[in-house]
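Protein sequences appear in the order of chains A and B.
Heads up, this note's numbering is the position in the first sequence plus 73, with the first residue counted as 1.
Heads up, this note's numbering is the position in the second sequence plus 6, with the first residue counted as 1.
Since the hints were made in silico from the structure, they are not lab data.
None of these values were measured; they are calculated from a predicted model.
In this text, a Cβ means the ideal position worked out from N, Cα and C, and glycines have one as well.
Accuracy of the hints is not assured; some may be wrong.
Here chain A is said to cover these stretches of chain B; the calculated rule only asks that three of the stretch's residues, wherever they fall, bring their Cβ under 8 Å from a Cβ of chain A [claimed, not checked]:
#1 48 to 56
#2 106 to 117
Chain A is nowhere near these chain B residues, computed Cβ spacing over 10 Å in every case [to be verified]:
#3 18
#4 19
#5 21
#6 23
#7 35
#8 60
#9 62
#10 67
#11 69
#12 75
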Amino acid sequence: GAGVSQTPSNKVTEKGKYVELRCDPISGHTALYWYRQSLGQGPEFLIYFQGTGAADDSGLPNDRFFAVRPEGSVSTLKIQRTERGDSAVYLCASSLWGGSATEAFFGQGTRLTVV
Amino acid sequence: DAKTTQPTSMDCAEGRAANLPCNHSTISGNEYVYWYRQIHSQGPQYIIHGLKNNETNEMASLIITEDRKSSTLILPHATLRDTAVYYCIVSMNYGGSQGNLIFGKGTKLSVKP
Chain A
74 GAGVSQTPSN KVTEKGKYVE LRCDPISGHT ALYWYRQSLG QGPEFLIYFQ
124 GTGAADDSGL PNDRFFAVRP EGSVSTLKIQ RTERGDSAVY LCASSLWGGS
174 ATEAFFGQGT RLTVV
Chain B
7 DAKTTQPTSM DCAEGRAANL PCNHSTISGN EYVYWYRQIH SQGPQYIIHG
57 LKNNETNEMA SLIITEDRKS STLILPHATL RDTAVYYCIV SMNYGGSQGN
107 LIFGKGTKLS VKP
């Protein structure tokens, strides 16, 4: 597809379980971002990749959260020992490196519900 | 924390110009002003960005004050589909990529018929 794709669109999991959220960026985009958004709040920055490496992971709330982007394309956000407070919409965005291309394209998000 | 201050909500009549203000009094010389919007249940959508000069594209105009401490996003002829939360963000532009965008709570714009 032409846009950023996130799967699954909805995920319900039990407290304490492990979850993986996937992001397929726009082809050729080297920058990739993860955000999470709680109801009534703006998106909260989690981590930013430039290529395969995490250029800024200062937004990850604790060591239960981890993200990878092994080939510089698809990224997976991993959450261990999920807690009810992790329930939110997780957003992924990508942008093209270089020149005047500074627009970040967002996916529709994955709604995570921890019960 | 977000480096910007925006009104919580605004109303606009359909067909009229919507002027959304943003204060960013601590902006530094290498930081850009970005505007995004988020329509209900969708991911944020880029609108426009600027550094010092006013900018215009097919969606909107961005007016930045000379001291760069505030800006205004203008939607020249608002439609019902422009109802959304509008986010003003300041961020450095690392070699063409935006780095991390720090969102605040934004302004909820309601366009009314």
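Hint check:
Closer than 8 Å: that is the beta-carbon criterion, and the region 48 to 56 of chain B has 6 residues meeting it against chain A, so the requirement of 3 holds. A count of 7 residues in the region 106 to 117 of chain B with a Cβ less than 8 Å from any Cβ of chain A is obtained; the coverage claim is therefore met, three being the minimum. With a least beta-carbon separation of about 21 Å from chain A, residue 18(B) lies farther than 10 Å from that chain, consistent with its non-interface assignment. Separation of residue 19(B) from chain A is adequate, the least Cβ-Cβ distance of about 26 Å exceeding the 10 Å criterion.
Residue-level check passed: residue 21(B) sits 27 Å from the nearest beta carbon of chain A, beyond 10 Å. For residue 23(B), the shortest C-beta to C-beta distance to chain A comes to about 24 Å, beyond the 10 Å cut-off, and the non-interface label holds. Against the 10 Å criterion, residue 35(B) stays outside the reach of chain A, whose nearest CB is about 17 Å from its own CB. Consistency note on residue 60(B): stated as away from chain A, and its beta-carbon is indeed over 10 Å from all of that chain's, at 17 Å minimum.
Under the 10 Å C-beta cut-off, the non-interface status given to residue 62(B) relative to chain A holds; the minimum distance is some 15 Å. The claim that residue 67(B) lies off the interface holds: its Cβ sits roughly 17 Å from the closest Cβ of chain A, which is beyond the 10 Å cut-off. Against the 10 Å criterion, residue 69(B) stays outside the reach of chain A, whose nearest CB is about 19 Å from its own CB. Here residue 75(B) stays apart from chain A, with its beta-carbon at least about 21 Å from theirs, past the 10 Å limit.
Checked against the numbered hints given earlier, this structure breaks none of them.
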